[in-house]
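Respectively, the protein sequence lines represent chains A and Y.
Sequence positions in the first sequence follow the working numbering and run 1 to 112.
Sequence positions in the second sequence follow the working numbering and run 1 to 403.
Among the hints, erroneous ones may be present.
[What the hints assert, rightly or not] Calculated cross-link-like contacts (lysine-lysine; reagent style DSS-like; alpha-carbon spacing at most 25 Å): (1) Y:K269 / A:K81; (2) Y:K269 / A:K32; (3) Y:K148 / Y:K91; (4) A:K31 / Y:K269.
[What the hints assert, rightly or not] To list a few chain A residues with every Cβ distance to chain Y over 12 Å, as calculated: (5) F71; (6) I91; (7) R107.
[Stated by the list, open to error] Restraint ranges, calculated between C-beta atoms of paired labels, are given here: (8) A:I6 / Y:E399: 25 to 35 Å; (9) Y:E235 / A:F15: 43 to 53 Å; (10) A:I6 / Y:I285: 35 to 45 Å; (11) A:M98 / Y:I284: 28 to 38 Å; (12) A:G34 / Y:E218: 42 to 52 Å; (13) Y:I285 / A:W96: 27 to 37 Å.
No lab work stands behind these hints, which were simulated from the structure alone.
No experiment lies behind these values; they were computed from the predicted model shown.
We put the CB at the ideal spot given by N, CA and C, even for glycine.
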Amino acid sequence: MKRPLILSIICVIGFLWVVITFPGVFSPSVKKLGVFMPAIYGLIVAATFISFIGVWHLKRWGMELYVISFFSKMLFFVLTKSFEITSILGIAFSLWFMITYLFFYKRMDVNL
Amino acid sequence: MFASHSLLANKLRTFLSLLGITIGIFAIITVFTVTDSLENNIRGSIESLGNNVVIVEKWPWAFGGDYPWWKYMLRPTASINDLEAIQLNSKTAEASAFRVDTKKRVQYFNNMVENATISGVSADYNLVSNFEIEQGRYFTQLESDNGKNVAILGNTFQTGLFSPGENPLGKEVKMFGRKFTVIGIVKKQGESMMGNSMDNQVMIPLNFIRNILDVRAETNEPYIAVKAKAGVSNEQLKDELTGLLRSERRLQPGTEDSFALNETSVLSKGFDGLFDVIGTVGWIIGGFSILVGGFGIANIMFVSVKERTNLIGIQKSLGAKNYFILLQFLSEAVFLSLIGGLLGLLVIWIITLFAGDAFGMEIKLTLANTVLGLTISFLIGIISGFVPAYSAAQLDPVEAIRQ
């Protein structure tokens with residue numbers, strides 16, 4: 001199956017998002033949350049990046065990993081009470097990504 | 001095994017590719033280490049002033065914004081009359097003390113310390129300031145009231161004036177051309193960025209120094225420190241002090257206060273903003289260094305995959321699973337990145353061993369910053385190594401063997 005244009009756009013946005021947000025892992029605000037908080041948040045960002053690679057290659061694990069990392073991120077924000085107004089934009093994008101993925105999920109490859 | 005063999009076979013290439021991460025980790029963790037150390041030092045200095053203490057003086061403490069100095073310079077300095085008014089009438093103050101500073105030589109026989117800070121303090125100064133007496137005692141009420149020639153020395157004077165092992169208590173040191181009996185030594189506090197460490201100060205009774213110095217002269221920086229009673233907020237204390245001091249100074253209703261009531265929280269808040277800016281600048285510079293380092297690792301991993309395509313083909317044809325190939329290259333990238341990060345942390349640690357003496361303050365590579373450095377290295381390894389590793393895992397064995 002050839003990768004649909006919409007998934008390519010989502011993946012490119014996702015890659016750029018990770019490049020932009022990665023320095024946020026060691027931002028002073030995340031650092032203030034606790035010693036291991038940058039590590040936890042960093043793993044979520046890394047998982048999101050890997051999920052985009054999976055989606056780029058039209059793999060089901062990519063979408064599944066994206067959903068897991070999305071909910072992990074939400075849980076992180078709620079537990080650390082670090083929810084901000086800008087997070088709503090990120091949630092809106094993530095929901096759009098997940099809904100779009102659903103349309104192509106059945107046509108995606110189950111293998112690694 | 002294949003990964004380690006590849007890394008060892010190309011030592012120079014391995015070193016150059018991890019250098020990016022080393023520099024990135026070095027940049028960001030150095031900034032965090034220096035800002036954390038500065039912050040600890042300054043916060044320690046501010047805390048030594050006391051959190052529930054209000055300082056009455058001429059100039060208000062302020063960071064940025066409008067500062068009408070031309071109004072403040074016309075104000076009178078804090079006076080002993082102000083202190084007496086507070087001590088007589090305040091219901092919310094637990095203790096209050098007056099302090100005035102000057103710089104003079106302190107001499108003990110042929111040993112002398114030039115330009116030492118001599119502080120004239122009133123009786124309750126030990127109740128409003130955070131310091132501990134290591135040897136001896138504080139002034140008695142009688143000594144303070146009568147202005148006796150007794151002195152409490154900061155910790156550095158013990159080594160600066162006296163021989164090792166010599167007990168300074170009871171000895172006579174010379175200041176202002178007069179002799180003072182040493183009755184106490186303050187516990188060592190270490191260097192302070194705010195310059196308020198007691199180590200380099202000598203305390204003598206205010207009633208002695210007021211006969212020699214003009215205690216209202218601005219050059220002698222007179223101030224009154226007032227400590228709130230337990231359960232009384234600084235705001236309540238400031239409200240009462242405003243009323244008392246306005247009454248003492250006979251200020252008409254509607255006129256501006258002729259004094260400033262300063263709190264250490266103003267300093268803390270001012271420094272919070274400063275450290276946030278330094279932290280953010282360091283974070284941005286370090287962040288981009290790390291990203292560049294990550295691109296270096298990704299690049300070398302692509303080269304590594306290209307070089308070992310044939311080997312990957314053989315491994316896959318012998319039954320190696322995709323995840324095995326993936327993990328092989330991913331572990332190589334993470335290992336490279338972690339070694340780079342560890343080298344960066346090692347360089348910082350070595351620098352901190354010497355930098356403390358050079359800057360006159362303790363600079364420490366903390367556990368939090370070490371964990372952060374290793375975390376960043378690990379994550380950069382995963383992010384930069386995943387794409388090359390995944391492309392290696394996806395190779396067709398037949399096509400791979402042909403190359």
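Now the hints, each set against the structure:
Distance restraint check for K269 (chain Y) and K81 (chain A): the Cα-Cα separation of roughly 22 Å lies within the 25 Å cut-off, and the hinted pair is therefore satisfied. The straight-line distance between the Cα atoms of K269 (chain Y) and K32 (chain A) is roughly 16 Å, inside the 25 Å bound, and the hint therefore holds. For a cut-off of 25 Å, the pair hint linking K148 (chain Y) to K91 (chain Y) is broken: about 30 Å separates their Cα positions. Among the hinted pairs, K31 (chain A) with K269 (chain Y) is consistent with the structure: their alpha-carbon atoms are about 19 Å apart, no more than 25 Å.
A cut-off of 12 Å between C-beta atoms confirms that F71 (chain A) is not in contact with chain Y; the least separation is 20 Å. For I91 (chain A), the shortest C-beta to C-beta distance to chain Y comes to about 22 Å, beyond the 12 Å cut-off, and the non-interface label holds. With a least beta-carbon separation of about 18 Å from chain Y, R107 (chain A) lies farther than 12 Å from that chain, consistent with its non-interface assignment. Checked against the hint of 25 to 35 Å, the pair I6 (chain A) and E399 (chain Y) passes, with Cβ atoms roughly 30 Å apart.
E235 (chain Y) and F15 (chain A) have their C-beta atoms about 52 Å apart, which keeps the hinted 43 to 53 Å range intact. Taking 35 to 45 Å as the suggested C-beta distance range, the pair I6 (chain A) and I285 (chain Y) conforms, at roughly 37 Å. Under the hint 28 to 38 Å, the C-beta atoms of M98 (chain A) and I284 (chain Y), about 31 Å apart, fit the expected range. The given range of 42 to 52 Å is respected by G34 (chain A) and E218 (chain Y), whose C-beta atoms sit roughly 46 Å from each other.
Distance hint for I285 (chain Y) and W96 (chain A): a CB-CB separation of about 33 Å, consistent with the stated range 27 to 37 Å.
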